[in-house]
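One-letter residues, chain by chain:
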Amino acid sequence: MDSRDWIRDGLRAVLSGLLAIPLAVLNLPLFGLSVAALVLSIVPGLGMLALPGVTLLVRARADLARRLAGRAGVPIRRPYLPPPERAIVGGWRYYKWIVTDPATWRDLAWLVPGAVAGVALGALTLALPVYGLEGVLLIPLWISLGTDWYGYGAIWPIETVGEGFLSLPQGALILSVGIAVAPYLRRFDAHFGRLFLGPTRNAELRLRVSELTVTRADTVDAQAAELRRIERDLHDGAQVRLVSLGMTIGLAEEMVEGDPAGARKLLAEARETSSAALADLRHLVRGIHPPVLAERGLDGAVRALALAVPIPTTVETALPGRLDTPVESAAYFAVAEALANATRHSFARTAQVELWHTGSSLVMRVSDDGLGGADPSGGSGLRGIERRLAAFDGTMSLSSPPGGPTVVTMELPCASSSPKTTPSSGTG
Amino acid sequence: MRVVLAEDHALLRDGLTRLLTAHGCEVVAAVDNGPALLPTLIEHRPEVAVVDVRLPPTFTDEGLQGAIAAREQIPGMPVLVLSQHVEPLYARELLSDRAGGVGYLLKDRVSHVAQFIDAVRRVASGGTAMDPEVVYQLLARRQSPLSALTTREREVLGQMAEGRSNGAIAGKLFIGEKAVSKHINNIFTKLDLPVSDDDNRRVLAVLTYLNA
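For the record, the sequence lines run as chains X and P. Note that the UniProt record's numbering has the first sequence beginning at 1, numbered continuously upward. Note that the UniProt record's numbering has the second sequence beginning at 1, numbered continuously upward.
You may find that some hints are simply not true.
Okay, derived cross-link-like pairs now, DSBU-like style, lysine-lysine, Cα gap no bigger than 35 Å in a straight line [what the hints assert, rightly or not]:
no. : chain 1 : residue 1 : chain 2 : residue 2
1   : P       : K190      : P       : K172
2   : X       : K265      : P       : K190
3   : P       : K182      : P       : K107
4   : X       : K265      : P       : K107
5   : P       : K190      : P       : K107
Simulated from the structure, these hints should not be mistaken for lab results.
One chain only, chain X, in its complex shape (with noise of 0.2 Å):
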């Protein structure tokens, strides 16, 4: 790590236990209000609208935590239950949702260890760093006070100016100490948060349930979609086809006796349809599951990819066979829309794909030469890719500054979940 990097972090630590501090103590209020709003609910009334109020603030204060505890690189989830349909504040929906989840609870079984612990912590995080500091700026201090003696670190009581001059280096070993410990604490505290902020193993397992009623409610909705787009294409474009096929030749069909050149002319152009709806079926196919890539697998698949965009693109692999059908066609069209877009918006003169396998997981890479400066939030295409991926729990991530280069990392679980993601009809 980089000098001005411990420096900065330790800094920043430092002034976010000087924060902790006053956070802590407020944790306090929010204590004795709880217990307040908790002997009020026996009231009828305005027991339904003191606890939930007074749990909206103890929420906020619990996610502020969470939130300092991210940025000292320790994500705590939010645990809460999504609040039920149609409950309005003061209402007995809302009042039960608040007190059946135990986060509720577990928030303000925090308060008063969370106000300890910050305090403790913050203090001890803020005392090295003063301490050190104090002994840095001893001299001129002493001779402002203009005190005979002055006690100091090892050296204790410092009766001379010799012996005061010693107070120096101990002073910078001391905030030297201070400045490198403080992110740990920080951590320790955020750590400790974690114990009653964080979801438990039921609530985690809550969470991922809910995400994945998400991704799978995308993934329905995608392939239905999907669906949509192949019967309409395949309606409007080889069925319609096909039709005046048979129509063309059944009129060639009559007129072959009367009319021969006549009839010569209608099968040349049944002929013309039926490359048509040749040509049509191709390119349904090739949207559905590419020839080549039923033929060659995903390595073979992408390598036809980068010869068919218009900018000169390298491919590398490290695979170690073919993958699950599912998992090789998510992968592809991930790759083909990453690759989409490197040549469609940036400018890009070369791009590379690299795919490997670690294991447990397939990881993609594709990168541009161009600008830079992709977002996801702006582009469909990334959006579409992440949604893709999200059905096999895959992830995307892209780094894109300004002036390029643009890498988007794509990453696909395979190994262990290849069982679950075979299709399997009837308990869909």
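Based on these hints, arrange chain P on the given structure of chain X.
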């Protein structure tokens, strides 16, 4: 002309046999799966092999692999590959032995009987016949080593890739045959393809085109 046919759909196999026979070809053998292809080709040594890319038992690219393997065993054996779709990647693999006598066409080109038979003859006599669709896909690309070529030279190269002779290119582009050979010489110079007895310069130019 003696032809070996590899096609798994009985309907298409019969149709192709009929079509080839009607145009004076003799279908000496017709196979319906990948593993039988290579031994049959080695046994019969046909003047041209017409092969479907996707064959049983794997239904992947067994036909293509069989054709490439056959050309390793019998160098320069003319092979015309038919497929339901075209892939520049496959075209490149077919041409990678740098010899002529290679064709790669979409299956539906068969319906243009005269053009199809023409392509079979061209391949049999050592020429190339790339599907216009492959050529089109490559032309759609923006930047490449081909950027040194003029538009007209690219057009000529595209026609060469489809396998046309100088005379045919002249007719197609409404220019004189002399102009065509001038363009072709320019292409060879710009793509740095010196005269050589071992390599077919037209194939090399097309390969450069495919690799671009």
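Consistency of the hints with the structure:
no.: 1; hint: K190(P) x K172(P); result: 23 Å, holds
no.: 2; hint: K265(X) x K190(P); result: 44 Å, violated
no.: 3; hint: K182(P) x K107(P); result: 34 Å, holds
no.: 4; hint: K265(X) x K107(P); result: 22 Å, holds
no.: 5; hint: K190(P) x K107(P); result: 34 Å, holds
Checked against the numbered hints given earlier, the structure breaks only hint 2 and satisfies all the rest.
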